[in-house]
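With the hints as constraints, model all of the structure from the sequences given.
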Amino acid sequence: MDAALFYEVGKPLRLDTVPDPEVQPGTVLVKVISSGLCDTDYRLMQTGLPMMEGPIIMGHQIAGSVAKVGPGVETVERGDSVLVHFLVHCGTCYYCQIGRENLCENWQAIGVQRPGGFAQFVLVPAGNVMKVPSGLSHADASLIPCGFATPYRAINRAHVGMGDTVVIVGARLWGLAAIRLCHLAGARAIVVDDDERRLTRAQQYGADAAFHVKADDLADRVQSLTAGRGADAALDFTGEAEAIATASQLLRKGGRLVVIGRAGCFGPVNVDILQLMFGEIELTGGCLVRGSEVRQLVELVERGALDVTGLISDRIVLPEINDGFAMLAADRPVSVVIDM
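Under the working numbering, the residues of the sequence shown are numbered 172 to 511, in order.
Please note: incorrect hints may appear among the correct ones.
Below, a list of computed lysine to aspartate or glutamate pairs in the DMTMM-like style, where the Cα atoms sit at most 20 Å apart [to be verified]:
id, residue 1, residue 2
1, Lys-385, Asp-443
2, Lys-182, Asp-494
3, Lys-202, Asp-187
4, Lys-302, Glu-248
5, Lys-302, Glu-276
6, Lys-239, Glu-179
7, Lys-424, Glu-453
8, Lys-202, Glu-245
9, Lys-202, Asp-173
10, Lys-424, Glu-464
11, Lys-302, Asp-173
12, Lys-424, Asp-391
13, Lys-182, Asp-502
14, Lys-385, Asp-365
15, Lys-302, Asp-251
16, Lys-202, Asp-191
17, Lys-385, Glu-413
18, Lys-239, Asp-173
19, Lys-202, Asp-251
20, Lys-385, Asp-366
21, Lys-302, Asp-510
22, Lys-182, Glu-413
23, Lys-182, Glu-224
24, Lys-202, Glu-248
25, Lys-385, Glu-411
26, Lys-239, Asp-251
27, Lys-385, Glu-367
28, Lys-302, Glu-473
29, Lys-302, Glu-470
What follows is a list of derived Cβ distance ranges for each label pair [said to hold, decoys possible]:
id, residue 1, residue 2, range
30, Arg-249, Glu-470, 16 to 26 Å
31, Glu-179, Asp-388, 19 to 29 Å
32, Val-189, Gly-377, 40 to 50 Å
33, Glu-470, Gly-262, 17 to 27 Å
34, Glu-179, Ala-398, 48 to 58 Å
35, Leu-447, Glu-179, 37 to 47 Å
36, Ala-500, Gly-306, 25 to 35 Å
37, Arg-400, Arg-474, 49 to 59 Å
38, Leu-445, Arg-503, 21 to 31 Å
39, Asp-494, Gln-420, 31 to 41 Å
40, Arg-400, Asp-365, 20 to 30 Å
In short, the hints are calculated from the structure, not lab data. Glycine included, every Cβ here is placed at the ideal spot set by N, Cα and C.
This is the structure in structure tokens:
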């Protein structure tokens, strides 16, 4: 089968022909129809991870059709349209046993340690496939497991609820999806970013307000929209130290800041300890995504409560994959999806 493989940090993906995966007990062979390019993929290509060794087929935003099922699989059958949850957990460690499989001590991610979706076929555990909501395209479905599930994880960590005001830091795909998810929760969404084009785009996608992160009166603007208190929660999707510190200054007393930014961007962060202490600010992280959260999103889409369409700006084919990542690096598209 044709595939795009990561070999070395800082190098483009290499197109190659590799053997088709062989179905095993408890697994599902998925014929990839749509595979989304994620900003995290690009960051991993530039910085790598200790557990990521080439050659490996990347790609973790996957939707397709079931080509084969292994012995013991009864949840799906050949021909079903499915999307793929990228996190594979062991099920036996302490964190899996207490229901926090996203913190699994033995986790593996499809497209990082396991072969991913930048290929014609991908082999995944049966528990990682979910049927695509009826009427939804494979391309739009491919964004659910990461493009929507990552901000959904952040919103859950921040306990966003009815009447809250949420500051969203970063107006790329995760930030735009977070706008819709905040509105679904009954919250207002204020987007901050350092790029005017992205701010305009955020307003087009429904942000209640959009401000430049370096505006001198940023805190005043947020307070003017929150009766002088500040935001109830802030979600950082950048991983940038300065942006995280700024977000912490936009919160009310008792506010919640969730950092779930892009891989490869992290470093020391200067946070006002007195503000954290006397304001009882809650600073927390968001790690990966739980399968239950992806299922919840699928159910929300199925019953018409959540719209995940309209966020794909560019469609490419597999031989154009490095051009697609160049577009992401130049911040031209909202999102890029490969049509396999």
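Evaluation of the provided hints:
1. Lys-385 x Asp-443: holds, 18 Å
2. Lys-182 x Asp-494: This hinted pair holds, its Cα atoms lying about 13 Å apart.
3. Lys-202 x Asp-187: Answer holds: Lys-202 to Asp-187 is near 17 Å, not above 20 Å.
4. Lys-302 x Glu-248: Holds: Lys-302 and Glu-248 sit about 10 Å apart, inside 20 Å.
5. Lys-302 x Glu-276: violated, 28 Å
6. Lys-239 x Glu-179: Outside the cut-off at roughly 32 Å; violated.
7. Lys-424 x Glu-453: OK: Lys-424 and Glu-453 at ~9 Å, within 20 Å.
8. Lys-202 x Glu-245: Satisfied, since the Cα-Cα distance of roughly 18 Å is no more than 20 Å.
9. Lys-202 x Asp-173: The given pair, whose Cα atoms are some 12 Å apart, holds under the 20 Å limit.
10. Lys-424 x Glu-464: violated, 28 Å
11. Lys-302 x Asp-173: It is violated: about 25 Å lies between the C-alpha atoms, which goes past 20 Å.
12. Lys-424 x Asp-391: Within the cut-off at roughly 15 Å; holds.
13. Lys-182 x Asp-502: Holds. Lys-182 to Asp-502 sits at ~19 Å (cutoff 20 Å).
14. Lys-385 x Asp-365: Holds. Lys-385 to Asp-365 sits at ~7 Å (cutoff 20 Å).
15. Lys-302 x Asp-251: It holds: about 7 Å lies between the C-alpha atoms, which stays within 20 Å.
16. Lys-202 x Asp-191: holds, 10 Å
17. Lys-385 x Glu-413: Roughly 10 Å between the alpha carbons, so the hint for Lys-385 and Glu-413 holds.
18. Lys-239 x Asp-173: With Cα atoms ~18 Å apart, Lys-239 and Asp-173 stay inside 20 Å; holds.
19. Lys-202 x Asp-251: Given that 20 Å is the threshold and the Cα spacing comes to 10 Å, the pair holds.
20. Lys-385 x Asp-366: Roughly 10 Å separates the two Cα atoms, so the pair holds.
21. Lys-302 x Asp-510: Within the cut-off at roughly 19 Å; holds.
22. Lys-182 x Glu-413: violated, 28 Å
23. Lys-182 x Glu-224: Given pair Lys-182, Glu-224 holds - Cα atoms ~13 Å apart, limit 20 Å.
24. Lys-202 x Glu-248: Holds, at roughly 13 Å.
25. Lys-385 x Glu-411: holds, 13 Å
26. Lys-239 x Asp-251: holds, 10 Å
27. Lys-385 x Glu-367: Within the cut-off at roughly 11 Å; holds.
28. Lys-302 x Glu-473: holds, 10 Å
29. Lys-302 x Glu-470: The hint holds at about 10 Å.
30. Arg-249 x Glu-470: 16 to 26 Å: This hint holds: roughly 24 Å between Cβ atoms.
31. Glu-179 x Asp-388: 19 to 29 Å: 46 Å Cβ-Cβ, so the 19 to 29 Å window is violated.
32. Val-189 x Gly-377: 40 to 50 Å: holds, 42 Å
33. Glu-470 x Gly-262: 17 to 27 Å: holds, 23 Å
34. Glu-179 x Ala-398: 48 to 58 Å: Once the Cβ atoms are compared, 53 Å apart, the range 48 to 58 Å for Ala-398 and Glu-179 holds.
35. Leu-447 x Glu-179: 37 to 47 Å: Once the Cβ atoms are compared, 41 Å apart, the range 37 to 47 Å for Glu-179 and Leu-447 holds.
36. Ala-500 x Gly-306: 25 to 35 Å: The hint (25 to 35 Å, Cβ to Cβ) holds, given that Ala-500 and Gly-306 are roughly 33 Å apart.
37. Arg-400 x Arg-474: 49 to 59 Å: violated, 34 Å
38. Leu-445 x Arg-503: 21 to 31 Å: violated, 42 Å
39. Asp-494 x Gln-420: 31 to 41 Å: Since the Cβ atoms of Asp-494 and Gln-420 sit about 39 Å apart, the hinted range of 31 to 41 Å holds.
40. Arg-400 x Asp-365: 20 to 30 Å: holds, 25 Å
This entry does not satisfy hints 5, 6, 10, 11, 22, 31, 37, 38, going by the numbered hints stated previously.
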